[in-house]
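Asks: Now for the letters of each chain:
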Amino acid sequence: MSDPSGAFEASGNSIRRAFLTLVAGLNSVGTAWIFALMVLINVDVLARYFFNAPIQGVAEVIELSIVGIVFLQISDAVRVGRLTRSDGLYRQILMRQPAVGHILGVLFDLAGAAFFMLILLGAIPRLIEAYERGYFAGNEGLFVVQVWPIRLILVVGCIVVALQFLVLAWHNVKALQAHSANSGGADS
Amino acid sequence: MTGFEVGLLSVIAILVLIYAGLYVPVALGLVSFISVWLLRGTLEAPIYLLTLAASNSLEDYIFGVIPLFVLMGLLVSHCELGRDIYEVANHALRRLKGGLGVATVAANAAFAAITGVSIASAAVFTRVSVPEMLRFGYQPRFAVGVVAGSSVLGMLIPPSVMLIIYALITEQSVADLFTAGIVPGILLSLAYAVAIVAMAHFMPGYVGGQDMAARAEGQSKMTSREITYKTAPIVILVLLVLGGIYGGFFTPTEAGAVGALGALIVALLKRRLDRSALWHVLVETGHIAASILMLIVAATMYSRMLALSGLPNDLGEWITQAEIGLYGILAIYVVILILMGTILDTTSIILIMVPLFLPIMEPYGVSLVWFGIVTIVGAEIGLLTPPLGIACYVIKATLADDDRISLFDIFAGAFPFAVIMLIVLILLIIFPGLSLVLV
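Sequences listed follow chains A and B, in order. Everything in the first sequence is counted per our numbering, starting at 1 for the first residue and increasing by one. Everything in the second sequence is counted per our numbering, starting at 1 for the first residue and increasing by one.
Hints are not guaranteed to be accurate.
[Unchecked claim] Dumping the calculated SDA-like pairs for lysine to any residue here, alpha-carbon to alpha-carbon at most 25 Å: (1) B:Lys270 / B:Pro131; (2) A:Lys174 / A:Leu22; (3) A:Lys174 / A:Ala114; (4) B:Lys230 / B:Ala123; (5) B:Lys270 / A:Lys174; (6) B:Lys270 / B:Thr223; (7) B:Lys230 / B:Gly310; (8) B:Lys270 / A:Val43; (9) A:Lys174 / A:Ile93; (10) B:Lys270 / B:His91; (11) B:Lys97 / B:Leu187; (12) B:Lys270 / A:Ala32; (13) B:Lys97 / B:Leu239; (14) B:Lys270 / B:Tyr229; (15) A:Lys174 / B:Lys97; (16) B:Lys270 / A:Ala114; (17) A:Lys174 / A:Val80; (18) A:Lys174 / A:Ala113; (19) B:Lys270 / A:Phe35; (20) A:Lys174 / A:Arg91; (21) B:Lys270 / B:Leu239; (22) A:Lys174 / A:Tyr90; (23) B:Lys270 / A:Ile93; (24) B:Lys97 / B:Leu190; (25) A:Lys174 / A:Arg82; (26) B:Lys270 / A:Tyr90; (27) A:Lys174 / B:Leu17.
[Unchecked claim] If you anchor each label on the Cβ, the simulated ranges turn out as follows: (28) A:Val100 / B:Gly243: 32 to 42 Å; (29) B:Ile430 / A:Arg91: 34 to 44 Å; (30) B:Ile34 / A:Val173: 39 to 49 Å; (31) A:Ile103 / B:Arg40: 25 to 35 Å; (32) B:Ile34 / A:Gln97: 37 to 47 Å; (33) B:Asp274 / A:Leu46: 23 to 33 Å; (34) B:Phe202 / A:His171: 12 to 22 Å; (35) A:Phe136 / B:Glu362: 53 to 63 Å.
Simulated from the structure, these hints should not be mistaken for laboratory data. Every residue gets a Cβ at the ideal spot worked out from N, C-alpha and C, and that includes glycine.
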């Protein structure tokens with residue numbers, strides 16, 4: 001790792017850029033979705049009170065939207081460090097014992113990856129089931145929406161966020177290497 | 001291992017891991033996963049529970065409230081409505097001793113009625129009212145203390161993300177919790193105001209800012225037209241959102257959407273938002289909403305695990321046998337909340353403690369809405385206390401380059417307000433009617 005070839009570096013960079021684009025792209029879709037949801041609900045409220053014509057299926061769309069929005073945006077939230085944590089002690093450790101801090105950081109990020117992989121284990125069969133049996137939400141004849149696209153977002157979201165955690169873990173490994181290189185491995 | 005042991009060990013493990021800095025949802029989710037695995041002996045059970053928590057339990061209409069109220073709160077923060085309401089409150093209270101302090105409380109209370117994110121108000125009022133108080137000779141320690149103390153009003157006065165989270169994990173009505181927050185919120189604001197006026201009278205040296213002449217001179221006159229212009233957006237938003245919910249016109253989810261659109265229109269009219277700022281607000285909304293909803297997913301898993309372990313029931317029986325009574329339990333509960341508040345954030349405390357204590361409270365037939373208000377006020381005291389009073393850290397971060405005010409000053413200044421919160425909390429416990437009168 002200390003002496004990567006130029007080609008390796010370049011391909012690493014382009015993969016990194018592609019992954020960043022993917023995370024940002026999912027996040028943008030989720031972001032636009034929140035805005036669309038706000039507009040939809042307002043239109044429904046207006047239509048209901050002023051024209052006595054509520055829109056069919058708004059409740060079902062909201063129900064399904066939440067899972068979609070969460071799993072589209074969770075990767076970016078993790079990337080920018082917005083996933084909830086109490087980092088008072090952790091910051092102190094990072095400041096006073098950087099090596100210990102980075103090792104803890106690697107463990108925490110791996111735990112994050114493991115958590116979403118476990119969700120993934122259950123999510124895949126549920127996606128297949130929903131697709132094969134054509135599960136839908138709503139009332140037939142009035143408004144019907146397929147469930148499988150949401151479960152697909154759940155699966156994709158879990159995979160991407162687990163990868164994002166691995167990227168963060170990798171950053172911590174690099175920081176640890178940089179630290180031990182600087183201090184000549186003296187602090188072990 | 002017995003269920004009791006597994007349950008107890010997992011609660012301890014979760015506390016240690018969160019304190020060490022592991023992501024809260026990951027700590028709750030992973031530890032619960034392992035515990036269910038131990039309890040059931042197969043991997044299928046925890047995988048099933050986790051997947052159910054991640055998808056089915058979120059597929060509920062009511063969860064729409066979270067992104068929408070977060071969006072509204074962030075848009076409102078962009079409108080500089082906090083500054084407007086503070087200027088009006090200042091104008092109204094200019095003849096009162098300690099008036100700038102009381103105005104901060106009043107403006108915070110009004111701001112809290114249109115936004116549900118407490119940290120936002122700590123930052124807003126550090127920028128708006130701390131410089132103003134310092135300009136009129138108030139003591140720095142008092143000035144930041146008032147801001148820290150009154151920032152907790154945001155989570156108590158509806159709409160509040162904290163009330164929503166409690167309602168979601170206990171399956172109570174969001175509208176009921178919003179209603180229950182009103183009187184305690186007003187009570188706490190009044191208690192702060194009375195204390196500030198009393199301090200200004202009896203400890204003028206601590207408060208400072210008694211040079212009324214200089215103040216009257218510096219005070220620009222406000223026309224009634226200006227006052228209307230500055231308060232109208234807030235009044236309209238409060239009427240739309242809270243009026244809409246209490247009047248039965250909107251569900252809380254719809255009220256969030258209507259409020260968010262209202263705040264967007266205000267921001268556009270005041271020309272405080274261009275396209276890139278709006279996009280930025282939406283992205284921020286997504287991050288906050290996704291992390292809150294992830295917390296709820298993990299908390300669902302955790303409370304299922306607790307129920308499986310039987311720990312809350314065992315604890316309940318144990319406490320019943322100890323015959324310490326309802327007030328004894330509540331005293332223990334509040335002490336734990338305050339202690340945890342010194343090291344953990346409010347959301348984590350609520351998510352960890354509520355599923356543990358809910359089954360203990362149920363035999364006493366108390367209102368779970370009232371219990372929610374007690375929990376939130378108790379957990380919020382920790383926002384003002386060292387070592388991890390988040391409100392105080394936000395204020396320090398917002399002051400940034402101002403070396404006159406240290407973190408110690410902020411904690412010291414906030415301390416009297418933490419004591420007032422505790423007194424109000426005791427009143428809320430003794431008189432449940434305070435929370436429930438409007439419900």
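Asks: Hint by hint, note whether the structure agrees.
Replies: Hint by hint, here is what the structure shows:
1. B:Lys270 / B:Pro131: Cα-Cα ~24 Å, so holds.
2. A:Lys174 / A:Leu22: Roughly 23 Å separates the two Cα atoms, so the pair holds.
3. A:Lys174 / A:Ala114: holds (20 Å)
4. B:Lys230 / B:Ala123: Holds: B:Lys230 and B:Ala123 sit about 20 Å apart, inside 25 Å.
5. B:Lys270 / A:Lys174: violated (47 Å)
6. B:Lys270 / B:Thr223: holds (19 Å)
7. B:Lys230 / B:Gly310: violated (54 Å)
8. B:Lys270 / A:Val43: Answer holds: B:Lys270 to A:Val43 is near 23 Å, not above 25 Å.
9. A:Lys174 / A:Ile93: holds (18 Å)
10. B:Lys270 / B:His91: holds (22 Å)
11. B:Lys97 / B:Leu187: Since the Cα atoms of B:Lys97 and B:Leu187 sit roughly 20 Å apart, the hinted pair holds (cutoff 25 Å).
12. B:Lys270 / A:Ala32: holds (23 Å)
13. B:Lys97 / B:Leu239: violated (31 Å)
14. B:Lys270 / B:Tyr229: Roughly 11 Å separates the two Cα atoms, so the pair holds.
15. A:Lys174 / B:Lys97: violated (58 Å)
16. B:Lys270 / A:Ala114: Roughly 47 Å separates the two Cα atoms, so the pair is violated.
17. A:Lys174 / A:Val80: holds (18 Å)
18. A:Lys174 / A:Ala113: holds (18 Å)
19. B:Lys270 / A:Phe35: Judged against 25 Å, a Cα distance of about 20 Å means the pair holds.
20. A:Lys174 / A:Arg91: Since the Cα atoms of A:Lys174 and A:Arg91 sit roughly 18 Å apart, the hinted pair holds (cutoff 25 Å).
21. B:Lys270 / B:Leu239: Satisfied, since the Cα-Cα distance of roughly 20 Å is no more than 25 Å.
22. A:Lys174 / A:Tyr90: holds (18 Å)
23. B:Lys270 / A:Ile93: Violated, because 45 Å separates the two Cα atoms, which is more than 25 Å.
24. B:Lys97 / B:Leu190: holds (15 Å)
25. A:Lys174 / A:Arg82: holds (21 Å)
26. B:Lys270 / A:Tyr90: violated (42 Å)
27. A:Lys174 / B:Leu17: holds (23 Å)
28. A:Val100 / B:Gly243: 32 to 42 Å: Violated - the Cβ-Cβ distance for A:Val100 and B:Gly243, about 54 Å, lies outside 32 to 42 Å.
29. B:Ile430 / A:Arg91: 34 to 44 Å: holds (40 Å)
30. B:Ile34 / A:Val173: 39 to 49 Å: violated (25 Å)
31. A:Ile103 / B:Arg40: 25 to 35 Å: holds (32 Å)
32. B:Ile34 / A:Gln97: 37 to 47 Å: violated (27 Å)
33. B:Asp274 / A:Leu46: 23 to 33 Å: holds (26 Å)
34. B:Phe202 / A:His171: 12 to 22 Å: violated (55 Å)
35. A:Phe136 / B:Glu362: 53 to 63 Å: Once the Cβ atoms are compared, 37 Å apart, the range 53 to 63 Å for B:Glu362 and A:Phe136 is violated.
Of the numbered hints stated above, those contradicted by the structure are hints 5, 7, 13, 15, 16, 23, 26, 28, 30, 32, 34, 35, listed in ascending order.
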